[in-house]
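Work the whole structure out from these sequences, hints included.
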Amino acid sequence: MEDTSEVRKQHRFDEQKLHSFLMRKVPGFPQSSTQLQVRQFTSGQSNPTFYLSKDGCEYVMRKKPPGRLLKGAHQVDREFRVQQALHKANFPVPTPLAYCSDESVIGTDFYVMSFVKGRIFRDVTLPDKSPAERKEIYDALNATLAHLHSLDWRQLGLQDFGKEGNYCRRQVNTWGRQFRGATKLASLPDNPAAEQLLQWLVDNQPILEEKTTIVHGDFRLDNIIFHPTLPKVLAVLDWELSTLGEPLTDVAYVCMLYHYPHNMPIHLTNPKQDKFSELKRIRGIPSEADFVRAYCQRCVQPYPVPHWQFYLALCLFKMASICQGVYCRALLGNASSQFASNYKEIVELMLSLGLDQTKRLLSVAGSPTSSIILEMKPILESQPISERASQILQKVKDFVKNEILPVEKKYLEQVQSGDTIWCVPPIMEELKAKAKAQGLWNLFLPGVSGLTQLEYAFMAEAMGQTFIGSEPFNCSAPDTGNMEVLHLYGSPEQKRTWLQPLLDGTMRSCYCMTEPDVASSDATNMECLVVRDGDSYVINGRKWWSSGAGDPRCKVAILMGLTPNKDKSRHRQHSMIIVPMDLPGVKKIRPLTVFGNPDAPHGHLEVEFTNVRVPASNMILGEGRGFEIAQGRLGPGRIHHCMRAIGMAERALEMMCDRAIKRKAFGKELARMGVIQHQIAECRLEIDQARLLTLKAAHTIDKYGTKEARKQVAMIKVVAPRMLTRVIDQAIQIYGGAGVCQDYPLAAFYTGARTLRIADGPDEVHLTSIGLQELKEQTVQSKL
Numbered sequence: 001m002e003d004t005s006e007v008r009k010q011h012r013f014d015e016q017k018l019h020s021f022l023m024r025k026v027p028g029f030p031q032s033s034t035q036l037q038v039r040q041f042t043s044g045q046s047n048p049t050f051y052l053s054k055d056g057c058e059y060v061m062r063k064k065p066p067g068r069l070l071k072g073a074h075q076v077d078r079e080f081r082v083q084q085a086l087h088k089a090n091f092p093v094p095t096p097l098a099y100c101s102d103e104s105v106i107g108t109d110f111y112v113m114s115f116v117k118g119r120i121f122r123d124v125t126l127p128d129k130s131p132a133e134r135k136e137i138y139d140a141l142n143a144t145l146a147h148l149h150s151l152d153w154r155q156l157g158l159q160d161f162g163k164e165g166n167y168c169r170r171q172v173n174t175w176g177r178q179f180r181g182a183t184k185l186a187s188l189p190d191n192p193a194a195e196q197l198l199q200w201l202v203d204n205q206p207i208l209e210e211k212t213t214i215v216h217g218d219f220r221l222d223n224i225i226f227h228p229t230l231p232k233v234l235a236v237l238d239w240e241l242s243t244l245g246e247p248l249t250d251v252a253y254v255c256m257l258y259h260y261p262h263n264m265p266i267h268l269t270n271p272k273q274d275k276f277s278e279l280k281r282i283r284g285i286p287s288e289a290d291f292v293r294a295y296c297q298r299c300v301q302p303y304p305v306p307h308w309q310f311y312l313a314l315c316l317f318k319m320a321s322i323c324q325g326v327y328c329r330a331l332l333g334n335a336s337s338q339f340a341s342n343y344k345e346i347v348e349l350m351l352s353l354g355l356d357q358t359k360r361l362l363s364v365a366g367s368p369t370s371s372i373i374l375e376m377k378p379i380l381e382s383q384p385i386s387e388r389a390s391q392i393l394q395k396v397k398d399f400v401k402n403e404i405l406p407v408e409k410k411y412l413e414q415v416q417s418g419d420t421i422w423c424v425p426p427i428m429e430e431l432k433a434k435a436k437a438q439g440l441w442n443l444f445l446p447g448v449s450g451l452t453q454l455e456y457a458f459m460a461e462a463m464g465q466t467f468i469g470s471e472p473f474n475c476s477a478p479d480t481g482n483m484e485v486l487h488l489y490g491s492p493e494q495k496r497t498w499l500q501p502l503l504d505g506t507m508r509s510c511y512c513m514t515e516p517d518v519a520s521s522d523a524t525n526m527e528c529l530v531v532r533d534g535d536s537y538v539i540n541g542r543k544w545w546s547s548g549a550g551d552p553r554c555k556v557a558i559l560m561g562l563t564p565n566k567d568k569s570r571h572r573q574h575s576m577i578i579v580p581m582d583l584p585g586v587k588k589i590r591p592l593t594v595f596g597n598p599d600a601p602h603g604h605l606e607v608e609f610t611n612v613r614v615p616a617s618n619m620i621l622g623e624g625r626g627f628e629i630a631q632g633r634l635g636p637g638r639i640h641h642c643m644r645a646i647g648m649a650e651r652a653l654e655m656m657c658d659r660a661i662k663r664k665a666f667g668k669e670l671a672r673m674g675v676i677q678h679q680i681a682e683c684r685l686e687i688d689q690a691r692l693l694t695l696k697a698a699h700t701i702d703k704y705g706t707k708e709a710r711k712q713v714a715m716i717k718v719v720a721p722r723m724l725t726r727v728i729d730q731a732i733q734i735y736g737g738a739g740v741c742q743d744y745p746l747a748a749f750y751t752g753a754r755t756l757r758i759a760d761g762p763d764e765v766h767l768t769s770i771g772l773q774e775l776k777e778q779t780v781q782s783k784l
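Numbering-wise (full-length UniProt numbering), the sequence shown opens with residue 1 and increments by one.
Take the hints with a grain of salt, since some may be wrong.
Calculated lysine-lysine pairs in the DSSO-like style (CA-CA distance at most 30 Å, straight line) [as the list claims (entries may be wrong)]:
no., residue 1, residue 2
1, K184, K64
2, K232, K436
3, K568, K707
4, K88, K232
5, K88, K555
6, K568, K776
7, K17, K54
8, K588, K555
9, K25, K117
10, K707, K776
11, K662, K410
12, K88, K54
13, K88, K117
14, K568, K711
15, K555, K495
Have a look at the derived ranges for each label pair, beta carbon to beta carbon [unchecked claim]:
no., residue 1, residue 2, range
16, D290, R553, 36 to 44 Å
17, Q742, V765, 28 to 36 Å
18, C57, A289, 40 to 48 Å
19, L529, E708, 30 to 38 Å
20, D102, S287, 44 to 52 Å
21, T755, Q416, 20 to 28 Å
22, D123, S569, 51 to 59 Å
23, Q778, R283, 49 to 57 Å
24, G622, K410, 43 to 51 Å
In short, the hints are calculated from the structure, not lab data. Ideal Cβ positions, reconstructed from N, Cα and C, are used throughout, including at glycine.
Set out below in structure tokens:
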């Protein structure tokens with residue numbers, strides 16, 4: 001067996017007792033009298049790993065090392081537990097088969113799992129692969145890590161697998177103790193470089209709120225088994241360091257490779273590789289920036305990653321601490337690796353690389369450049385988006401101009417000429433097929449399109465020129481927000497059942513939040529009850545302004561309702577749940593008109609829910625987490641609304657100018673009148689100001705996340721609808737009577753613009769939020 005050797009002397013155990021255990025406890029284990037074959041894997045530095053075979057059946061065993069061990073280390077029971085949970089969630093891990101805590105069997109705890117046949121790449125430069133193959137392998141690595149971080153650890157029953165929050169602080173403390181403990185255990189002197197790096201990590205921990213996901217803790221290429229011929233991950237190995245924590249630490253752990261020197265003595269740990277070749281020099285392997293950007297797009301994370309140098313320095317110190325443990329176990333005689341005595345040099349190198357990161361951060365922090373200029377730089381540049389995004393944007397603009405705008409009136413005619421206004425206009429399905437064929441589909445979702453919020457903002461502006469501009473690209477609200485929720489927070493089952501059809505465009509959805517009997521601008525007022533009853537939730541209440549519920553393709557709603565819990569705060573009393581629209585008890589009461597317009601076939605309906613029974617598995621993320629989900633949903637959605645508003649304002653201004661040039665009054669063209677020129681100028685000023693503010697909000701979400709952009713998002717939600725209302729009102733004034741009739745779209749534009757000042761929270765709520773945040777920031781500044 002490749003990569004194995006005879007069981008080393010210090011790791012030998014009673015193989016016959018192990019054999020007896022396997023025959024009793026491992027399902028399907030051969031019961032013949034054939035002898036069990038045992039060999040030890042040469043890889044692995046912590047828990048000894050063994051290859052087992054009998055009668056053609058193959059297994060892998062992981063056990064604790066013998067001898068004195070650091071407290072809290074080598075917990076093979078945790079490895080077994082997390083693999084059980086992940087296996088049930090269809091995440092690629094070996095099948096866990098049996099765990100044994102009885103030390104009388106082989107002297108330590110151990111567990112047995114399936115043997116997965118495939119490729120393990122020990123050399124991260126993939127020297128025998130083509131550039132295309134390297135790219136695919138690293139992309140699969142990236143996608144698997146993003147998949148791991150998307151799993152809901154609560155639904156997997158891992159609530160007690162780690163602590164929520166403060167992960168980085170705990171990691172600094174843990175690896176500081178481990179480094180010092182290993183040093184003391186082997187009676188070695190203190191390491192000054194380790195103490196210096198550790199103190200820097202203590203002093204420079206990020207102040208941003210952490211995410212909490214399952215983290216692997218040792219995620220790297222040689223801990224992955226790939227398909228024998230395809231760039232497909234079959235299994236992720238070595239879960240000893242897994243816990244709950246900040247997912248960016250896993251990303252940084254992978255990216256340590258990009259910082260290793262060209263002459264790194266990798267042969268000390270891998271004799272098959274003479275030296276390390278810098279990844280950036282290898283064709284096909286993505287750069288560190290591209291790798292991190294791809295991960296961020298998959299997980300809808302801000303990019304560039306704030307505090308990236310801290311995460312790298314933490315991972316390098318962690319690696320130094322692990323290597324110190326390996327080296328010290330070699331001195332004590334119980335190391336798993338036969339190369340453990342070489343690790344002293346690796347420890348010093350990791351500490352040196354970690355200290356290099358601290359210097360990089362200091363040089364950036366010491367820059368005199370204004371932070372506001374740095375943040376606005378991508379917006380102010382002449383080419384603020386990537387070349388790929390520029391190409392897609394041009395396609396979107398061309399599609400709107402050549403395909404959508406010419407059939408605007410035909411769409412309305414088809415709605416009015418059908419048996420009912422609640423229909424599916426054939427022209428829309430034709431547009432969708434054309435857009436999908438051109439790859440102009442689901443552009444709003446970064447994890448699918450690969451576009452940033454800033455890049456998509458320009459596309460939303462182009463779509464906003466017409467009220468039917470978003471649907472051909474499958475980018476219409478409320479589907480976009482609902483898909484965002486399911487993508488970010490949905491379980492694998494929810495994604496298969498509801499997200500995928502929405503992404504495919506085969507169904508539509510609605511969002512049920514606002515209620516007629518309470519002031520829904522304060523969402524804690526919502527009274528629609530969602531009560532657990534066995535394996536179901538029972539829903540009772542009434543919602544209105546359920547946008548999209550009139551569409552005959554609307555098959556599902558995401559409903560936010562009250563899940564009472566006296567032990568939780570008022571903002572942990574509401575939840576979001578998926579409600580199929582065809583369930584008994586769901587009744588569409590009436591469509592609500594917008595200034596007399598039913599807005600068909602989309603519609604904004606009043607819907608009654610009477611004893612509607614929904615499977616408990618339809619709860620999104622968990623009870624009491626509705627406001628948390630809403631904040632993640634509304635940030636990008638509000639940017640999309642505002643950029644579409646800017647596109648609509650641009651079209652209104654274009655129509656205004658066209659009318660002013662062609663129309664005469666009192667003996668001259670309107671365009672020659674000073675008052676008209678001033679009105680056009682004011683509109684241009686307001687549109688461009690609103691655009692810059694909205695693009696800044698999009699850029700802030702990309703860079704810092706939705707929570708950190710809440711002030712900018714609130715600002716644009718006030719500014720953009722106000723601007724749009726004024727621009728359209730001015731255009732109507734220049735058109736006169738024609739501006740308020742069906743011959744032109746201005747009247748429809750105006751009703752949508754005025755409504756937007758109420759939708760997603762009225763202006764007053766946003767103004768209060770902006771004022772409070774500004775006061776808080778000013779107070780903080782005055783104390784500095």
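Next item on the list: Please work out if K707 and K776 have their alpha carbons no farther apart than 30 Å.
Entry: 16 Å, holds
Next item on the list: Take a quick look at whether K568 and K707 sit within 30 Å of each other, Cα to Cα.
Entry: OK: K568 and K707 at ~22 Å, within 30 Å.
Note to self: For K88 and K555, compute the direct alpha-carbon distance and say whether it is at most 30 Å.
What the structure shows: Within the cut-off at roughly 29 Å; holds.
Next item on the list: Evaluate the given range 36 to 44 Å for the C-beta pair formed by D290 and R553.
Entry: 38 Å Cβ-Cβ, so the 36 to 44 Å window holds.
Check: Are K568 and K776 close enough, with their CA atoms no more than 30 Å apart?
Finding: Satisfied, since the Cα-Cα distance of roughly 26 Å is no more than 30 Å.
Check: CA of K88 to CA of K117, is that 30 Å or under?
Finding: Answer holds: K88 to K117 is near 20 Å, not above 30 Å.
Check: Would you say the C-beta atoms of D123 and S569 sit inside 51 to 59 Å of each other?
Finding: 52 Å, holds
Check: Are K17 and K54 close enough, with their CA atoms no more than 30 Å apart?
Finding: 15 Å, holds
Margin query: 43 to 51 Å was suggested as the range; check whether the CB atoms of G622 and K410 agree with it.
Written below: Cβ of G622 to Cβ of K410: about 46 Å, so the range 43 to 51 Å holds.
Notebook entry, point to check: Is 44 to 52 Å a correct range for the gap between the Cβ atoms of D102 and S287?
Noted result: 50 Å, holds
Note to self: Next pair to validate is K588 with K555; report whether the Cα-Cα distance is within 30 Å.
What the structure shows: At roughly 13 Å apart (the allowed maximum being 30 Å), K555 and K588 satisfy the hint.
Check: Are the Cα atoms of K555 and K495 separated by 30 Å or less?
Finding: 15 Å, holds
In this structure, none of the earlier numbered hints is contradicted; all agree with it.
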